[in-house]
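Engineer: Just so you know, the sequences run in chain order W and U.
Here the numbering used here is used: the first residue of the first sequence is 1, the next is one more, and so on.
Here the numbering used here is used: the first residue of the second sequence is 231, the next is one more, and so on.
Source of the hints: derived by calculation from the structure; they are not laboratory data.
It cannot be assumed that every hint is accurate.
Result set (SDA-like, lysine to any residue): computed pairs, CA atoms no more than 20 Å apart in a straight line [to be verified]:
#1 446/U x 210/W
#2 216/W x 448/U
#3 216/W x 426/U
#4 229/W x 136/W
#5 446/U x 221/W
#6 216/W x 434/U
#7 459/U x 114/W
#8 216/W x 423/U
#9 216/W x 445/U
#10 229/W x 404/U
#11 216/W x 435/U
#12 459/U x 188/W
2 protein chains.
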Amino acid sequence: MFSSDASTPAILPTKSERTRARLRDIALRSFRERGYDATTIRLIAEEAGVSVGTTHYHFATKNHLVQELYLDVQEKHRAAAEPALAASTDLVDRLSIVYRTGLDQLTPYHPFAPEFLSAAVSPRSPINPLSEESAPALGVIEGLFREAVDGAAGTGLPDDFRASLPDALVLGHLLLALFWVYDRSPGQERTRALLDRGLRLLRMALPFARMPLLRKPLQELLELVASVKA
Amino acid sequence: MFSSDASTPAILPTKSERTRARLRDIALRSFRERGYDATTIRLIAEEAGVSVGTTHYHFATKNHLVQELYLDVQEKHRAAAEPALAASTDLVDRLSIVYRTGLDQLTPYHPFAPEFLSAAVSPRSPINPLSEESAPALGVIEGLFREAVDGAAGTGLPDDFRASLPDALVLGHLLLALFWVYDRSPGQERTRALLDRGLRLLRMALPFARMPLLRKPLQELLELVASVKA
Numbered sequence: 001m002f003s004s005d006a007s008t009p010a011i012l013p014t015k016s017e018r019t020r021a022r023l024r025d026i027a028l029r030s031f032r033e034r035g036y037d038a039t040t041i042r043l044i045a046e047e048a049g050v051s052v053g054t055t056h057y058h059f060a061t062k063n064h065l066v067q068e069l070y071l072d073v074q075e076k077h078r079a080a081a082e083p084a085l086a087a088s089t090d091l092v093d094r095l096s097i098v099y100r101t102g103l104d105q106l107t108p109y110h111p112f113a114p115e116f117l118s119a120a121v122s123p124r125s126p127i128n129p130l131s132e133e134s135a136p137a138l139g140v141i142e143g144l145f146r147e148a149v150d151g152a153a154g155t156g157l158p159d160d161f162r163a164s165l166p167d168a169l170v171l172g173h174l175l176l177a178l179f180w181v182y183d184r185s186p187g188q189e190r191t192r193a194l195l196d197r198g199l200r201l202l203r204m205a206l207p208f209a210r211m212p213l214l215r216k217p218l219q220e221l222l223e224l225v226a227s228v229k230a
Numbered sequence: 231m232f233s234s235d236a237s238t239p240a241i242l243p244t245k246s247e248r249t250r251a252r253l254r255d256i257a258l259r260s261f262r263e264r265g266y267d268a269t270t271i272r273l274i275a276e277e278a279g280v281s282v283g284t285t286h287y288h289f290a291t292k293n294h295l296v297q298e299l300y301l302d303v304q305e306k307h308r309a310a311a312e313p314a315l316a317a318s319t320d321l322v323d324r325l326s327i328v329y330r331t332g333l334d335q336l337t338p339y340h341p342f343a344p345e346f347l348s349a350a351v352s353p354r355s356p357i358n359p360l361s362e363e364s365a366p367a368l369g370v371i372e373g374l375f376r377e378a379v380d381g382a383a384g385t386g387l388p389d390d391f392r393a394s395l396p397d398a399l400v401l402g403h404l405l406l407a408l409f410w411v412y413d414r415s416p417g418q419e420r421t422r423a424l425l426d427r428g429l430r431l432l433r434m435a436l437p438f439a440r441m442p443l444l445r446k447p448l449q450e451l452l453e454l455v456a457s458v459k460a
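Make a model of the complete structure from these sequences and hints.
Structural biologist: In structure tokens form, the structure reads like this:
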């Protein structure tokens, strides 16, 4: 009794923490429902019933809230991918799980994807997926692809090939997301079809990585792709 | 004498044509020296000594002037590539010429590339390189890659492979330009190194396109890439 009572104050969030969480929730809903352009610090403050100053205290700019969104999307991506990964040891199936659950998380944002892309694509943007600010969210994606490769059984892939694969897969994810922004087909089915096609090709190509004649060009291809992300 | 005099009025540009050409020249210089964001119709009108209304009459929006820029860059790209293409029949050398002369034309704009990218990347942007409005400039690039492939001798490539190659090469050009925007190395030497690496790999991979075992996956890869651009 005593110890449980004593620990309670440490567990309950402070008023400040509750305000921060409310602002964050309102912002995430606003990004989903209004998009990037129409979401403003002023609007979020109004909806939360706090001052603009208080909102700025918790989140200096709208882009700090976009980072919360990125993390939220990727945490949900991980939560969706991990149980499915536990059910398969086939490399290509595992990659399909990570790519597909990633697209699933993006889906609600598709109507606003062009404005998010315009805001994020500049290498100078603090919400660029490759920026320092976005490293935690990108780290979740990198971790998922590493896990997908590491947990695959019987691939017979050379070690150096296995080591450079995750970076190439993450770049594939970013390019797939770029294609998805442009995809006007219902439910973005063209993106899913492109993914299936890419994975089918990968399944076809993987055995070649064990052939001495082809190991060098395939390893060279992977290193080239990895050098793009570096 | 008579016939030459009679044809003169048709050859001399009208006042309106001269105004248009001057506005275009001022805009192209402004994009190169000030970038996309700082170039405005008002500024161009001022420098040309004409009204904003006259400027709008010739170019409805700033983005119409960006299309003039795209065409100018690609016409210069063609002028630089074609004499060099005449000197080689090796496929990979010819592709190297088209890619390198393309990068050369982009170089002066590198300091402003992030703002051009932000403005152009949305699939809804009228200056998106894949938009209907940009089709004439993209057409020049497509023509150059087709010419590079068609004029190559002794490739021994299957016809279907040859036919789907140009679309894949154009997509490669767009992705290389995207990488170039992000390239902070001096003179964008990392982009040149990536290109060299990609072409070296292509040289390594081309003979495989003739092996029955590998024709299917390589053709599948090309079709996948071509489907992205479609």
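Engineer: Need the list of violated hint numbers for this structure, in ascending order.
Structural biologist: Hints that this structure does not satisfy do not exist here, as all of them hold.
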